[in-house]
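Undergrad: Please arrange chains B, C, D and E on chain A, whose structure you already have, making use of the hints.
Taken in sequence, the protein lines are chains A, B, C, D and E. Numbering follows our numbering, with no gaps: position 38 of the first sequence is 38. Numbering follows our numbering, with no gaps: position 50 of the second sequence is 50. Numbering follows our numbering, with no gaps: position 26 of the third sequence is 26. Numbering follows our numbering, with no gaps: position 55 of the fourth sequence is 55. Numbering follows our numbering, with no gaps: position 37 of the fifth sequence is 37.
There's no promise every hint is true.
[Said to hold, decoys possible] If you want the footprint, here are the derived chain E segments under chain C, 3+ residues with CB under 8 Å:
hint : stretch
1    : 1 to 10
2    : 24 to 37
3    : 43 to 49
4    : 54 to 65
5    : 76 to 89
No lab work stands behind these hints, which were simulated from the structure alone. C-beta atoms are modelled at their ideal positions from N, C-alpha and C, and glycine is treated no differently.
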Amino acid sequence: MQMARVIGDVVASRKDSLLTAVPLLLIQPIGADGQSVGHALVAVDSVGAGAGETVFFVRGKEASFPFHPVDVPTDAGIVGIVDHWHVAAV
Amino acid sequence: MQMARVIGDVVASRKDSLLTAVPLLLIQPIGADGQSVGHALVAVDSVGAGAGETVFFVRGKEASFPFHPVDVPTDAGIVGIVDHWHVAAV
Amino acid sequence: MQMARVIGDVVASRKDSLLTAVPLLLIQPIGADGQSVGHALVAVDSVGAGAGETVFFVRGKEASFPFHPVDVPTDAGIVGIVDHWHVAAV
Amino acid sequence: MQMARVIGDVVASRKDSLLTAVPLLLIQPIGADGQSVGHALVAVDSVGAGAGETVFFVRGKEASFPFHPVDVPTDAGIVGIVDHWHVAAV
Amino acid sequence: MQMARVIGDVVASRKDSLLTAVPLLLIQPIGADGQSVGHALVAVDSVGAGAGETVFFVRGKEASFPFHPVDVPTDAGIVGIVDHWHVAAV
Numbered sequence: 001m002q003m004a005r006v007i008g009d010v011v012a013s014r015k016d017s018l019l020t021a022v023p024l025l026l027i028q029p030i031g032a033d034g035q036s037v038g039h040a041l042v043a044v045d046s047v048g049a050g051a052g053e054t055v056f057f058v059r060g061k062e063a064s065f066p067f068h069p070v071d072v073p074t075d076a077g078i079v080g081i082v083d084h085w086h087v088a089a090v
Numbered sequence: 001m002q003m004a005r006v007i008g009d010v011v012a013s014r015k016d017s018l019l020t021a022v023p024l025l026l027i028q029p030i031g032a033d034g035q036s037v038g039h040a041l042v043a044v045d046s047v048g049a050g051a052g053e054t055v056f057f058v059r060g061k062e063a064s065f066p067f068h069p070v071d072v073p074t075d076a077g078i079v080g081i082v083d084h085w086h087v088a089a090v
Numbered sequence: 001m002q003m004a005r006v007i008g009d010v011v012a013s014r015k016d017s018l019l020t021a022v023p024l025l026l027i028q029p030i031g032a033d034g035q036s037v038g039h040a041l042v043a044v045d046s047v048g049a050g051a052g053e054t055v056f057f058v059r060g061k062e063a064s065f066p067f068h069p070v071d072v073p074t075d076a077g078i079v080g081i082v083d084h085w086h087v088a089a090v
Numbered sequence: 001m002q003m004a005r006v007i008g009d010v011v012a013s014r015k016d017s018l019l020t021a022v023p024l025l026l027i028q029p030i031g032a033d034g035q036s037v038g039h040a041l042v043a044v045d046s047v048g049a050g051a052g053e054t055v056f057f058v059r060g061k062e063a064s065f066p067f068h069p070v071d072v073p074t075d076a077g078i079v080g081i082v083d084h085w086h087v088a089a090v
Numbered sequence: 001m002q003m004a005r006v007i008g009d010v011v012a013s014r015k016d017s018l019l020t021a022v023p024l025l026l027i028q029p030i031g032a033d034g035q036s037v038g039h040a041l042v043a044v045d046s047v048g049a050g051a052g053e054t055v056f057f058v059r060g061k062e063a064s065f066p067f068h069p070v071d072v073p074t075d076a077g078i079v080g081i082v083d084h085w086h087v088a089a090v
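Chain A with its partners taken away, still in its complex shape (with noise of 0.2 Å):
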């Protein structure tokens, strides 16, 4: 899983049929430090997540895991909002 900043949502009226109903967040991956990582990701959201959160998320078929029986057909999912993160001084 990665760390990222909700940064916006995606409209989309025309979809997979599995797809209505469910939130289409636009993610920016972050690294331990905060900083971006990569480019920005479409990802489903099963926690309640809003822009300007960080959170983690998952990618893969592992992201339709919370929407079962239902196989939404996603590879990037929001599965839980960060309080903080703590890096050790190792």
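TA: Just chains B, C, D and E, lined up with the frame of chain A:
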């Protein structure tokens, strides 16, 4: 998932039989600023996207979900057409 | 999926038994402009592709779908031979 | 799989219920020379790793195997703690 | 799949129980020219490869296929030892 622009299509008369009659579009992934990110991919389409449209697509086995129960051998599939996207000022 | 050029093959007498008699081709992924993208891969072939041909291939477990019900341990498989591709002026 | 160093942890009170009580560690992938490779990831831990330890982790759905039969929605999981590694003079 | 050179091994006394007795080799992916590509990985081995040998490996869940019906938690597995490879003059 990632946003992309449909930039063309691929014609292949000799291909896996499960890909018969499945549209093969050439897509260019884009970032939140609309600029190209990485290289073009060949994606199957189940939502009727056309050249010039902005879409979002899914990678991996999930790309074959819309064709269930047929196990289409693909790893990239367009699952929605983007009306517009919004980047929050956060 | 991604387009690639078949650039050679790999000979391996000691390999997983499920790969016996499966052609192992060396492919170089290419972009929409026909130029090389990234490094060469070893792909299984179920469509009879040959050196010099332009193909498209699938990554991941989907690469083993054409060999169903045999679970061929591969993550890259050629699933079509490209006749031509078209980039729209959009 | 890839080697990594455990550099911290992530605290998330709002998350997918299947992640409850699952340790979420922050890991930095490393190469054969022990130097950092790429960006930090959030991984689940089933072997009791702690900050400063060198581990190896698995990506993808396989990361949830140790939690079977629970389908933990993760794509990165620590599956071993490295005692030492050896690079041959070849 | 990708070609790689076996460059060493990893010793881990504390690891997922399904990895017990599974050889963990350190491999360096290589390109069609035999040069290193990217960083070293930890791969399971089911074909008896040794340090210095050129192999090809599979990424993802497919890496656990040779160990079926055991769901070994791995995402990289050596599935063949390369005798030689051939790059065509195309």
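Undergrad: It remains to establish, for every hint, whether it holds in the given structure.
TA: Each hint tested on the structure:
With a threshold of 8 Å between beta carbons, the proposed coverage of the stretch 1 to 10 of chain E by chain C holds, since 3 of its residues qualify and at least three are required. Only residues whose C-beta sits within less than 8 Å of a C-beta in chain C count toward coverage, and the stretch 24 to 37 of chain E has 4 of them, enough to reach three; the restraint holds. Taking a C-beta to C-beta cut-off of 8 Å, the stretch 43 to 49 of chain E contributes 3 residues in contact with chain C, enough for the three needed, and the coverage statement holds. Taking a C-beta to C-beta cut-off of 8 Å, the stretch 54 to 65 of chain E contributes 8 residues in contact with chain C, enough for the three needed, and the coverage statement holds.
Restraint check on the stretch 76 to 89 of chain E versus chain C: 11 residues with Cβ-Cβ distances below 8 Å, three needed, restraint holds.
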